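K.L.:
Here's the letter readout for the chains.
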Amino acid sequence: MSTKVVVPRKKRLSEGLTVTQKVFIRSRNGGATKIIREHYLRNDIPCLSKSCTKCQSIVVPDAKNELPKFILSENPQVIANIGKHYVVVDTNIVLLAIDLLENISCFFDVIVPQIVLDEVRNRSYPVYTRLRTLCRDSDDTKRFIVFHNEFNEKTFVDRLPDETINDRNDRAIRKTCEWYAQHLKDYGINIVLVTNDRLNREAVKKESKEQGYFTKSLYEYADLLSNADEIKELIPNVDNYAESKELLPEDKSEVVFPEYYQTSRVMGGLRSGVLYQGNVQISEYNFLEGSVSLPRFSKPVLIVGQKNLNRAFNGDQVVVELLPESEWKAPSSLTLDSEHFDINDNPDGQGEEDEFNRNGAEAVISDKQRRLLAKEAINAQKSKKVQPTAKIVSITRRSWRQYVGQIAPSSVDDKTNGIQNVFVILMDKCLPKIRIRTRRAQELLGKRIVISVDSWPENYKYPLGHFVRDLGDVESTQAETEALLLEHDVEYRPFSKKVLECLPSEGHNWKAPVKLDDPEEISKDPLLPKRQDLRDKLICSIDPPGCVDIDDALHAKKLPNGNWEVGVHIADVTHFVKTGTALDAEGASRGTSVYLVDKRIDMLPMLLGTDLCSLKPYVDRFAFSVLWELDDNADIVNVNFTKSVIKSREAFSYEQAQLRIDDPNQTDELTLGMRALLQLSIKLKQKRLDAGALNLASPEVKVHMDSETADPGEVEIKKLLATNSLVEEFMLLANISVARKIYDAFPQTAMLRRHAASPSTNFEVLNEMLQKRKNMHISLESSKALADSLDRCIDPEDAYFNTLVRIMSTRCMMAAQYFFSGAYSYPDFRHYGLAVDIYTHFTSPIRRYCDVVAHRQLAGAIGYEPLSLDHRDKHKMDMICRNINRKHRNAQFAGRASIEYYVGQVMRNNESIETGYVIKVFNNGIVVLVPKFGVEGLIRIENLTDSAEDAVFDELEFKLSFKPKTGDKVRDVHVFEKVDVQVRSVLDPITSKRKAELLLV
Amino acid sequence: MTLSVAEKSYLYDALASTPSIRPDGRYPYQFMPIEIYTDFLPSSNGSSRIIASDGSECIVSVKAKVVDHTSDDDLLHIEIDIAGERDDALITESCTSLFNKLLKNIDMKKLQLTKKYSFKLFIDVLVISSNSNPVSLISFGIYSSLNSTSLPKLVSNFDDLEVEELPMFHDYDLVKLEVVPPLVFVLGIVKNNIFIDPAASECEVANNGLIISWTNGKIIAPIRTLALNDTNTKGFNPNLIQEGIKLVEKYASDIASALQNI
Amino acid sequence: MSRLEVYSPEGLRMDGRRWNELRRFETSINTHSHASDGSSYLEQGNNKIITLVKGPTEPTLRSQLDQTKATLQITVNLTKFSKFERSKTTGSTKNERRILEIQTALVRTFEKNLMLNLYPRTIIDIEIHVLQQDGGVLGTLINGITLACIDAGIAMYDYISGVSIGLYDTTPLLDVNSLEEAAMSCVTLGVMGKSEKLSLLQVEDKLPLDRLENVLAIGIAGAHRIRDLMDEALRNHAQKRISNASNK
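Residue numbers (UniProt numbering), protein chains in the order written: chain X, 1 to 1001; chain W, 1 to 262; chain H, 1 to 248.
Bound conformation, chain X alone (with noise of 0.2 Å):
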């Protein structure tokens, strides 16, 4: 066999632009294409150095007339032995440590290679997307540059007779460094290449005997910096251990996890049917166990077992391979957690090495068994109460990010003061403890800290991380909303100075035209003209007591005919929020407000949401109205849509309005008009509510907040008045009129939302329990008949059992979701909950992205201006609806972590018994719903008995038996049962969290 390599030829076109091919062999799903593509070589990249005389001549402009900024400094950053210095980084360098690129205290004027980018962005693409936000907005301090040596006739490269394509990336990264030092020696600027890579760091020195640049390692070059020390801290830890010579001795290595597959077997066993894909999904009670939906399998798969999860961390996308009939078991009925698992592990290494060594040689099973055994598997869910399991055998995709935590007691050193391995427990409980090494060991305990997962190799037990900053004390409020924002991903620094150049030059002092015919507005509002002056209209808000972002406000009137006019008017916020503009790119990618107990992150800066976009009363707003003509029977006659100008009369709280609405005395009409409102929105539900919408209930409560300390006072369940539903009616009106409107005019890309129906699956075991212990059952065949089933399961005795069996059947449903109307086919659009046939958001524009969209196309629909291709193009939109759906959701995972956090503290003052009940029942424990403070928990086996070993649990009656430890009667308790728990707040020692502690009375 020869190998054969053929030079691709050069042509040059013209002065400074050569053209040659790149040919490469694309191997996918097992095919080999042979691929070439024109590679264009120019003469006209500058090194954009503000020092440098040569490249100013060169450079052309760009499309849009614009000539490239020249942005490294000629002062660069002066370090010991080197002098003034541009930086170059590797591909590894970037995925390794982009936190410390982004730092602001190291890291300037880089250097990033075409080619790194380009790998960078193949191999990871948020962190691409950092890499070039850092680039893009490198402004005086950072100052990072992306130099195309690829495209540049003088540093590129070809590749060599059997070079790989990481050889031959590297040796184009070092001609990059080459040129760049021989252009730059005369103004005194040195290259500093940063690469973990030894060989690459060799081949440097053996190329280039006058050497013209300098190499170093992360942990070398972070050393010559002045502020080291801090620096050294925050390198990621698959480097220090190489390079600080303590590495750990492979005899020293722990435990062995099981290579994952070749990606040639990985794709070959996909293909086949005998390897599967999907995301691995930790249990909640029990972080050695997880679960991945397959499509091919009605129920999830289980995984069981450190060896089966094979170092997959919760939400990995994964490989799993089926383990044989012998090892399929039933979910476990045990809970555990990472936090209280093997706590005396040492962070030096070397733990327990039970479940590793226990199987060694494996047989060698064939695919054609594999087959049978996925056939049996699938029977097996459908008949018995085993569960197939499987293991983990490739991650194609990590979730990795940053997590907050905090450092485990017991595994500092309190004698040594340099670097030591310590564990950081963080957290979500799903998630395995992670080593770092610091040398700020002690001074960190006890702090919420940010840390950075690296690595994790086959022989070691925990995977390694690097420490990233210190958030503050424990249970400091700070520290605490700042972890939990940053644990649901949720974008709280302040608006950027690009972002917030956008909003109107007039501030506060914005106002709408007074006449919209004015012509000196017309001129700076060409679209005025298209507004409708609703002034005239007795237009009011109803909101929650102290709400400053009014979204919406309402007005109705009757008509001559008899009918009634009734107007929803929602603030104009895409007068002001422009597509392509920084502000609305912000917007997009943080998708929603965030309301936690004691604070709101915006979606839009504070300007537009609580003062030029609220629709406030007494003065005038622009906004976007629905306007209907409805008959008594609050059917539609007649719709319309337009962009207008209202001034609300009055902002009314819900107890206000309905006071008002009540009081016999008030007759004046804008009182008329609410109490019409009211009558329209009862009939509107009734025709809901017999369409078969759910109502369903979630355990949410309310958090008072003590005025003046800014302290949690009191815990109250959500109350609901007729003017809340009055209010959301006419929202779902407005909402499901303009999914309509938007679907028509842009059938493909129009911004909706659906509901999808439950599979019944994720109702059998509660509908097992309910039939066993209530003898009743949840109908699924239609939203109407679950809406009437769920009705029916009462407890004459208990009024909460009803609220009860609604919280728990809400968790067994799909969420809801955005997505954009091409990705399904009508009957799909489908909103369950709310049964109607399509649906989407336009009522709460200052707060939730979708409803933006939504806005921008309506305005597109009714040719009020044209909808920009953003929003007409199915990837944007997918892109769109994929991030919005991710911030909604972790939106509301944040709103519930801070109710939780601060039900903590309430209850922390406050130890008291209450009533609970039974929702779960575990081999080794039960857990509680305690309604009124919204909090549920695990009673573990230990608290409920002191012989936990005679505890019988019975699997079928979903019955839990042992002996108190007051009293000698067995006691028996059963899922549903209603208890008496005495709630307290504790502080786990070991995780420093607060949770409430539950006993039993």
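If you are wondering where the hints come from, they were derived from the structure by calculation, not from laboratory data.
A couple of the hints might just be wrong.
[Said to hold, decoys possible] Pairs of lysine to any residue residues, derived as SDA-like cross-links and limited to a Cα-Cα distance of at most 20 Å, are as follows: (1) H:Lys206 / X:Gly580; (2) X:Lys959 / X:Arg940; (3) X:Lys874 / H:Arg3.
[Unchecked claim] If you want the ones that stay clear, here's a sample from chain X, every Cβ over 10 Å from chain H, calculated: (4) Asp229; (5) Gln387; (6) Leu445; (7) Tyr492; (8) Lys772; (9) Phe801.
[Said to hold, decoys possible] Computed Cβ-Cβ distance ranges for the label pairs, DEER-style: (10) X:Asn640 / H:Leu100: 40 to 50 Å; (11) H:Leu209 / X:Asn227: 54 to 64 Å; (12) X:Ser760 / W:Asn100: 33 to 43 Å; (13) W:Asn100 / H:Glu204: 30 to 40 Å.
Remember, it's a predicted structure, so these values are computed and weren't measured experimentally.
We put the beta carbon where it would ideally sit given N, CA and C, even for glycine.
Fit chains W and H to the given chain X structure using the hints.
P.N.:
Here is chains W and H on its own, set in the frame of chain X:
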């Protein structure tokens, strides 16, 4: 090409005389001058373009695809497109069937990747123009394109029967395909004379034609007769077959080595 | 969603060109003198096409006979091997809808530019073989035909030069390759000589109207540049022929 009766008669007599006199002065074993370019389609795995001095031109592309040979064991697919002819024209179909038979002589083992997967070669022939029967030209084209073919290099395991693996390939390196495709020769017969590579005018008057295939130093099946025109065709002396075979045996290896060295 | 940097913030495209740069344009003329009356071989980027013009000749079919002018027939052969992956369609690709569309578009483009009325009762048969394609093929076909028709000596009013322009966000990109073509909406223009007259305007996918002007402006400028390149090639070719002729 249409010739007058006088022209035809003159031509016939010249070719039938001993030794035969060919209108362009060639010896019986001589080919028309040809030009061959290979590798001119970089997006194919192998390619060639061959132009005869009478303007006949043919382009051959070889593309490879990975197939599961346990379910698709036909590893060579040839398609011939003759410009101006329909896909179901007689000439197209007869050429295709001829080459389908001939290419069975190629050692398919060379295409095997793993126990389960092989390369399947798609040989596309485009005859842009031809003034006489194009099979010989096509065979030269196929020969030189296969000769210039290089295939992606396998980097995954060869044994994939027990545990399925999809083949993976090197992202850059190619391996030269080493197969020896057959060559096809067209011979014209005029009276008792036989000569290689008849030109269009010679075809007009030939009494008959022969197609002889050759590979690796020996003549292989099929040998066919071929009517080169509609008017002059008749039977011929069987000894001429022997003579034709001898002619081919004598010169074919030279042609093969010439083609190989491109 | 393709995660490619179609147009980088530094103003470079995926193949290293700037927004307003054409691809490599190389052509030879009169490549198939035996087989046709006029011919050209054109490489525009990695598009490689052979164009043969046969005629004006007597038509073989009565239906092709027009008393007042020549019948123009254009056959496009997109070979199965012209893309990276061999096209899977079994049997002929000749009657595929897409190809018929291209052929019709080409006939429409050239019908008005060739002086067909000078050759009544004849047929002009143009045969194009696409050996390799890499985006913007229609434009390349137009250029190939123009060159071959000039070689064939068929009277025409002016050059027609073809080029495809993509619109990436708000940036028009001249002479798109296949990677770019797949990533955005594209327009193909056929421009008459040095004028701003369009003999073809074909929009693939949607394009906002307010951007069309920008796109056309750069497209026309690009087409003019192609016209110059073609003109240069033709003149060089003619020069060579004349010197060959006089040397004999």
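K.L.:
Can we confirm that no CB of chain H comes within 10 Å of the CB of Leu445 (chain X)?
P.N.:
holds (42 Å)
K.L.:
Beyond 10 Å from every chain H Cβ: check whether that's true for Asp229 (chain X).
P.N.:
With a cut-off of 10 Å, Asp229 (chain X) remains clear of chain H, as the shortest Cβ separation is near 36 Å.
K.L.:
Can you tell me whether the CB distance of Asn640 (chain X) to Leu100 (chain H) sits inside 40 to 50 Å?
P.N.:
Holds, at about 46 Å.
K.L.:
So the hint says 33 to 43 Å: do the beta-carbon atoms of Ser760 (chain X) and Asn100 (chain W) match that?
P.N.:
Roughly 56 Å apart at Cβ, these two residues miss the hinted range, so it is violated.
K.L.:
Does the claim that Lys772 (chain X) lies outside the interface with chain H hold up, using a Cβ gap greater than 10 Å?
P.N.:
holds (48 Å)
K.L.:
Are all C-beta atoms of chain H more than 10 Å from that of Tyr492 (chain X)?
P.N.:
Holds: least Cβ distance 27 Å, greater than 10 Å.
K.L.:
Examine each Cβ of chain H, and state whether all of them lie more than 10 Å from the Cβ of Gln387 (chain X).
P.N.:
Since the minimum Cβ distance to chain H is about 36 Å, Gln387 (chain X) lies beyond 10 Å and the statement holds.
K.L.:
For a C-alpha distance cap of 20 Å, please report whether Lys206 (chain H) and Gly580 (chain X) respect it.
P.N.:
holds (19 Å)
K.L.:
Confirm or reject the statement that Phe801 (chain X) sits farther than 10 Å, beta carbon to beta carbon, from all of chain H.
P.N.:
Holds: least Cβ distance 48 Å, greater than 10 Å.
K.L.:
Given the proposed pairing of Lys959 (chain X) with Arg940 (chain X), does the C-alpha separation stay at or below 20 Å?
P.N.:
holds (14 Å)
K.L.:
Quick one: are Leu209 (chain H) and Asn227 (chain X) within 54 to 64 Å, going by C-beta?
P.N.:
Hint holds: Cβ distance 55 Å, inside 54 to 64 Å.
K.L.:
Starting from the hint 30 to 40 Å, judge whether the C-beta atoms of Asn100 (chain W) and Glu204 (chain H) obey it.
P.N.:
The hint (30 to 40 Å, Cβ to Cβ) holds, given that Asn100 (chain W) and Glu204 (chain H) are roughly 39 Å apart.
Checked against the numbered hints listed earlier, the structure breaks hint 12 alone; every other hint is satisfied.
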